[in-house]
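Protein chains: 2
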Amino acid sequence: MHQLIEKMFVGAFGNSLLDQGHDAVVFEGESEKMAFTTDSYVVQPLIFPGGNIGTLAINGTVNDLAMSGACPHYLSVGFIIEEGLSMETLWTIVQSMKRAADEAGVQIVTGDTKVVDKGKGDGLFINTSGIGFVGHSQQIHPSQVRPGDAVIVNGDIGRHGMAIMAQREGLSFENNIESDTAPLAGLINNLVSEEMDVHCLRDLTRGGMASTLNEIASVARVSIHIDERSVPVREDVAGACEMLGFDPLYVACEGRFVAFIPHNHAGAALKIMQAHPYGKGARLVGQVKARSSAPVIMKSKIGVERIVDMISGEQLPRIC
Amino acid sequence: MHQLIEKMFVGAFGNSLLDQGHDAVVFEGESEKMAFTTDSYVVQPLIFPGGNIGTLAINGTVNDLAMSGACPHYLSVGFIIEEGLSMETLWTIVQSMKRAADEAGVQIVTGDTKVVDKGKGDGLFINTSGIGFVGHSQQIHPSQVRPGDAVIVNGDIGRHGMAIMAQREGLSFENNIESDTAPLAGLINNLVSEEMDVHCLRDLTRGGMASTLNEIASVARVSIHIDERSVPVREDVAGACEMLGFDPLYVACEGRFVAFIPHNHAGAALKIMQAHPYGKGARLVGQVKARSSAPVIMKSKIGVERIVDMISGEQLPRIC
Chain A
61 MHQLIEKMFV
71 GAFGNSLLDQ
81 GHDAVVFEGE
91 SEKMAFTTDS
101 YVVQPLIFPG
111 GNIGTLAING
121 TVNDLAMSGA
131 CPHYLSVGFI
141 IEEGLSMETL
151 WTIVQSMKRA
161 ADEAGVQIVT
171 GDTKVVDKGK
181 GDGLFINTSG
191 IGFVGHSQQI
201 HPSQVRPGDA
211 VIVNGDIGRH
221 GMAIMAQREG
231 LSFENNIESD
241 TAPLAGLINN
251 LVSEEMDVHC
261 LRDLTRGGMA
271 STLNEIASVA
281 RVSIHIDERS
291 VPVREDVAGA
301 CEMLGFDPLY
311 VACEGRFVAF
321 IPHNHAGAAL
331 KIMQAHPYGK
341 GARLVGQVKA
351 RSSAPVIMKS
361 KIGVERIVDM
371 ISGEQLPRIC
Chain B
61 MHQLIEKMFV
71 GAFGNSLLDQ
81 GHDAVVFEGE
91 SEKMAFTTDS
101 YVVQPLIFPG
111 GNIGTLAING
121 TVNDLAMSGA
131 CPHYLSVGFI
141 IEEGLSMETL
151 WTIVQSMKRA
161 ADEAGVQIVT
171 GDTKVVDKGK
181 GDGLFINTSG
191 IGFVGHSQQI
201 HPSQVRPGDA
211 VIVNGDIGRH
221 GMAIMAQREG
231 LSFENNIESD
241 TAPLAGLINN
251 LVSEEMDVHC
261 LRDLTRGGMA
271 STLNEIASVA
281 RVSIHIDERS
291 VPVREDVAGA
301 CEMLGFDPLY
311 VACEGRFVAF
321 IPHNHAGAAL
331 KIMQAHPYGK
341 GARLVGQVKA
351 RSSAPVIMKS
361 KIGVERIVDM
371 ISGEQLPRIC
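Read top to bottom, the protein sequences are chains A and B.
Its first residue numbered 61, the first sequence is counted upward by one per residue in the numbering used here.
Its first residue numbered 61, the second sequence is counted upward by one per residue in the numbering used here.
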């Protein structure tokens, strides 16, 4: 079985680098400055509306590289397969990984497969690690966030988390909620390559927008003020959140990020984002100010200010 | 718990790159040519004589980079923890990963932790991916192996596999067999940086020496002839193999490799290897010839030639 699986992977992903077939792949770097990241994916169910564990594993690592301002190039993939996983499911996942890698413009260049006994895994776990190259001199990092920065999100939030939860709870909504999983490197590349100061980029994964903003505010020692009326949440997502008792601000996305842009560049940044398929719904959601009473403060729909706390515990386990 | 664990990792592994605390780590490359590899580790038991899943995960990825002729620099670590894993066990493993990384001269620069429910994992799975830089112009690859090459192994084989199996079977031998897990980059660095032609390097992991030689012979389209009397196997390992029904040629090692060296350089290569702590037991075990009847042929202790086949199936599951 092991050899069959490896043949399946080579068949799907095959490229001249992967085909080197040695313990490590060797290639030439594209620039001196490079980025490196890793993530393991343990999402359940493995396949969900709008994607599966494989698309998530490709897009997630592509996005982590993009958020550091790097252009993603090379990915590794490590599969941990539980005995008994259907080959059809695995093939579906592998094929969509190939499509996701092609769309994101990255190559899967090295991989590994392990099989564990039935009852010692959960169908499939995937690790992807990625290498990107940085061709510009900007410092893109939470520590660069300054009072006056505009906070822009590239679209409506909470869809990935609610797609998973609805599936798990066996709920079906009138309009099926699909995960927002998407590769963001193209959009980020447009943003960073223009004559545009970008202070920080961060995807809204584990813990959602609320946790992301809290983390950034605490590194940059600022207060981030957001306006609830500006935060885009689709109606069916808001409804599902209400029904299942979640706050969309804390729900994970897999194709959404926040950009911190100096205020005088915010209009131009919005335009660039809105011109890209994955930024059509981009909105200005808030502003950075000097640190006051709390790291993240939200003006609610009825005009009252409230503190948006860090998430405590995991609101949605195994969402990615 | 999640935050506690991440604090544990940062405490143990902390360095200026890991402390960047962004989605991906950014650094300067050391040379244009680089190597990239990944492996997941699912060994059971997690802790065994001579090492644990953590030392294996560091050394294994360090060795995969070294075998491609690269000098290992940066590692990522992804943990998949099953709920209920004792924090003491995790801490033991994390501390030995730190020691192994220090010994191998690599930095753990990015990481990820996922927790899965009890019954959906097996204590702990670890993925490590690694980046190395190649500072020389040699092509080190199975396709470079030529008739006339000497085949050298850096020490006695089969210890890792039998350490695991003895532990699993609850056997104790008079002299406890300890895993041979070791970082080989230092030794390889001595070998490659000298004025020495190195055609191929390959560690003897999954499937042991027999499978490794078969793989290389089939890529290079040669026959590899080995002499059983020259293949070093420790007496207690040979005894354990006999008792449990294994052939040491197929048993995985985690600190052993074969080097293919042009015959006129073999003596010098042996000396360099024997001068290093992880090559003290280095031995010339065979020679490459033009492809004849089979990829790998062994002259047995009683002087009879036999074909050494590729392993069929996994003789030792979850050995790494």
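There may be inaccurate statements among the hints.
One copy or two, either will do: identical chains are not told apart, so a pair holds if it fits within one copy or between any two.
Unchecked claim - Cut-off 30 Å, straight-line C-alpha distance, at most; resulting in silico cross-link-like pairs (DSS-like, lysine-lysine):
(1) Lys93 x Lys158
(2) Lys180 x Lys67
(3) Lys180 x Lys359
(4) Lys349 x Lys67
(5) Lys67 x Lys93
(6) Lys158 x Lys349
(7) Lys180 x Lys158
(8) Lys340 x Lys178
(9) Lys67 x Lys361
(10) Lys349 x Lys178
(11) Lys178 x Lys359
(12) Lys361 x Lys93
(13) Lys67 x Lys340
(14) Lys178 x Lys93
(15) Lys180 x Lys331
(16) Lys67 x Lys359
(17) Lys359 x Lys158
(18) Lys93 x Lys180
(19) Lys180 x Lys361
If you're looking for bench data, these hints aren't it; they were derived computationally from the structure.
Note that the structure is predicted; figures quoted are calculated from it, not measured.
Those earlier numbered hints the structure runs against, lowest number first: Of the numbered hints given earlier, those the structure breaks are 3, 6, 8, 9, 10, 11, 12, 13, 14, 15, 16, 17, 18, 19, listed in rising order.
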